[in-house]
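Can you make the complete structure from the sequences, with help from the hints?
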Amino acid sequence: MAKGDPGVTRGGRRAAPRSRKGATGDPELVQLLTPEGERIDSVTGPDGTEYRVDFTDEEYRGLYRDLVLVRKLDAEATALQRQGELGIWASLLGQEAAQVGSGRALRTQDMAFPTYREHGVLYCRGIDPIMPLGLFRGVDQGGWDPNEFKFNMYTIVIGAQTLHATGYAMGVAMDGKTGTDDGEAVIAYFGDGATSQGDVNESFVWAGVFNAPLVFFCQNNQYAISEPLERQTRIPLYQRAAGFGFPGVRVDGNDVLATYAVTRQALDNARHGQGPSLIEAYTYRMGAHTTSDDPTRYRIASEVEAWQAKDPIARMKAFLEKQQIADADFFADVDEQAKRESVHLRERVLAMPNPEPTTLFDHVYPNGSPLLDEQREQFSKYLESFEGSAH
Amino acid sequence: MATETLTLGKALNVGLRKALENDPKVVIMGEDVGKLGGVFRITDGLQKDFGDQRVIDTPLAESGIIGTAIGLAIRGYRPVCEIQFDGFVYPAYDQIVSQVAKMHYRSRGKLRIPMVIRIPFGGGIGAVEHHSESPEAYFAHTAGLKVVSCSNPQDAYAMIQQAIASDDPIVFLEPKRRYWEKGPVEVDAPLGDAYPLHAARVARPGTDATLLAYGPMVRTCLDAATAAAEDGRELEVIDLRTLSPLDLGVVYESVRRTGRAVVVHEAPSNVGLGAEIAARITEECFYSLESPVLRVTGYDTPYPAARVEEEYLPDLDRVLDAVDRTFGW
Ligand SMILES: Cc1ncc(C[n+]2csc(CCOP(=O)(O)OP(=O)(O)O)c2C)c(N)n1
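Residue numbers (the numbering used here), protein chains in the order written: chain A, 1 to 391; chain B, 1 to 329.
In case anyone wonders, no lab produced these hints; they're calculated from the structure.
Any given hint could be a false lead.
DSBU-like, lysine-lysine: derived pairs with alpha carbons at most 35 Å apart [as the list claims (entries may be wrong)]:
1) B:K110 <-> A:K339
2) B:K35 <-> B:K18
3) B:K25 <-> A:K177
4) A:K150 <-> B:K110
5) B:K182 <-> A:K150
6) B:K182 <-> A:K177
7) A:K339 <-> A:K150
8) B:K110 <-> A:K72
9) B:K110 <-> A:K177
10) A:K72 <-> A:K317
11) A:K317 <-> A:K339
12) B:K18 <-> B:K48
Predicted model only: the values in this text are computed from it and were never measured.
Have a look at this one:
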């Protein structure tokens, strides 16, 4: 997707099927695709920005393909964890649209700072989807090159990466890489729970006062492990931005079109030197927090069912069908590809070797350390002492 | 070669200036480092000459200082962060130990965080609480960080530049009570020639016992050695300079020769660097030792009120007392 790099407000080459301004009746939520698959032509956000998308049929199909693939790979990872092949897995189930929409809105030159759940964004950045599985399998700590893919390492400490993103964005500005159409922008991902962290609030302060080219992308999936949103905030999260001096917007995080439109706009504002903004992608974590979690202890089935009806993939499929953008062959083909890729993923995960023991001493310091060299040597000798023995 | 007499604080200032001149990627950031020149004036005049993009007055947020410096480092900059006082580094502790220290390892070498965290540390200036702490053991305990401390103007000048030039993330501890002490500084000396960054130094040669110290306690130990010489005891004083990794070759060589060792630091003794050094000496020099390795340290209390800090801080008498004990074994 995104080959033609569709702009958010490029004007309607393809007229939206049905224009229903503000169709959700919720002024707080930017939505371009209803849960029933109805297109909304354009929506005005809380700060007056008009959001719309203009995709070719092929691009619409591309987005759908992304959503399905990402969900399938995620499901495969969950299955692998259940079979003991991964130590733990943090599933993105339900959050595909938020991640694909924002991930596809990024341009090649933009830099992303993820948490541990951004497998969909990772996929959009062109990184081999096996990469996060190495981390959760315990054979590495995330094997991709953050500089090559412009997608930083996963960050487990909640909120820490938002400061890294802010500093990086300050660097972008200091390098003079903002203010033009091909400028750079930065995006920081975090959850609703993270908004309680000092680091996230510090990064809001910093990004604001330094006018950093940064988009704060909060996936509000309603829970921080077991703690509901009400334990983190009294006001809608996007409204916090105002207190830090930049715009905030809440987007339907289960709507890939709206997420794309809102993120692309925010990134473009940043790259043109207009500073930071906060996007609250309003969504729901359909599964457990991680495979170690038991969500039945803290949420009720009817709530899950209500969100089921807002599924990001189902609504995109309904839209494609209604508009006859895709036919049965297409859907079968996507399913087939997803299956193929997940089988392939499984085979490769099973073949992932454990690292050589001595590699645990590698890369502690760029310039090495004599004390560590000594330990490595002792450890190697210790290992050698087993060679040829029954162990 | 040009030699100037500078205070330790001024030597740092001149060293920082050189680093800013030599590498356009070096940025200084911290609270009040710009117009004010820092509360100790270590960055005095730098913003005026290099601009507010090179010497950045930051919001009052320590985690923010370190966390954003990480992002700048990923972007290709070499941030030098000033933490205003030792006791205020703790809000940034997570960013330092979980992020700065581990990024190179976690990325298997793909990310480098060439960053210096300057902390004025230690007591002796009559300050209120949280302004006199010695947090070195917290950082020395963390793999991925390097920790150094200077004790005199020459080292301050050279080490700060070496630290900035290094790709290792470095916690740089400045002995704040020694900021105003003067000494000769060779301002054109090629860096690292006399001492690479991670090398201990014999500050005073001696034959009878070895005193091991760093930062503010080097001066105290040198004074103790002068006093002991009057009584006919020749004490060797080693300035460790590097706390992580420790440069132990110099230490072992000395202790094997003298047979006696006393470690001196301001930080509390419990699980402090003295314990580490004593353990290593015991493992390596056991048969050369005439007596156990002794420690002279701050007490295992929070840093006390200023009017009793002289009781808390190791001084010449406590050091000499420990030396007497090693001879009495
Ligand atoms: C500083 C910190 N505290 C606690 C944890 C343990 N923890 C891991 S995920 C999580 C909840 C995070 O919730 P949220 O920010 O909403 O993100 P989500 O997982 O829902 O995507 C917690 C408490 C952590 N990783 N880091």
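Is it true that the CA of B:K110 sits at most 35 Å from the CA of A:K72? holds, 30 Å
Holds or violated: B:K25 and A:K177, Cα atoms, limit 35 Å. It holds: about 15 Å lies between the C-alpha atoms, which stays within 35 Å.
- Task: For the pair we were handed, B:K182 and A:K177, check the Cα-Cα distance against 35 Å.
- Result: Between B:K182 and A:K177 the Cα gap is close to 44 Å, so the pair fails against 35 Å, i.e. violated.
**Asked** Between B:K110 and A:K177, does the CA-CA distance stay at or below 35 Å?
**Response** holds, 23 Å
(request) For the pair we were handed, A:K72 and A:K317, check the Cα-Cα distance against 35 Å. (result) With Cα atoms ~15 Å apart, A:K72 and A:K317 stay inside 35 Å; holds.
Does B:K18 sit within 35 Å of B:K35, going by the straight-line distance between their CA atoms?
holds, 19 Å
Just to be careful, I want the Cα atoms of B:K18 and B:K48 compared with a cutoff of 35 Å; is the pair within it? This hinted pair holds, its Cα atoms lying about 15 Å apart.
Check: Holds or violated: B:K110 with A:K339, Cα cutoff 35 Å?
Finding: holds, 33 Å
For A:K339 and A:K150, compute the direct alpha-carbon distance and say whether it is at most 35 Å. holds, 28 Å
- Task: Given the hint that A:K317 pairs with A:K339, test it: the Cα-Cα distance must not exceed 35 Å.
- Result: Status holds; Cα separation ~18 Å.
Query raised in the report: Is the hinted pair B:K182 and A:K150 satisfied, with a Cα-Cα distance of at most 35 Å?
Result: Distance of about 48 Å is beyond 35 Å: violated.
Taking only the CA atoms, is the gap from A:K150 to B:K110 under or equal to 35 Å? holds, 12 Å
The structure fails to meet hints 5 and 6 from the earlier list, while all remaining hints are met.
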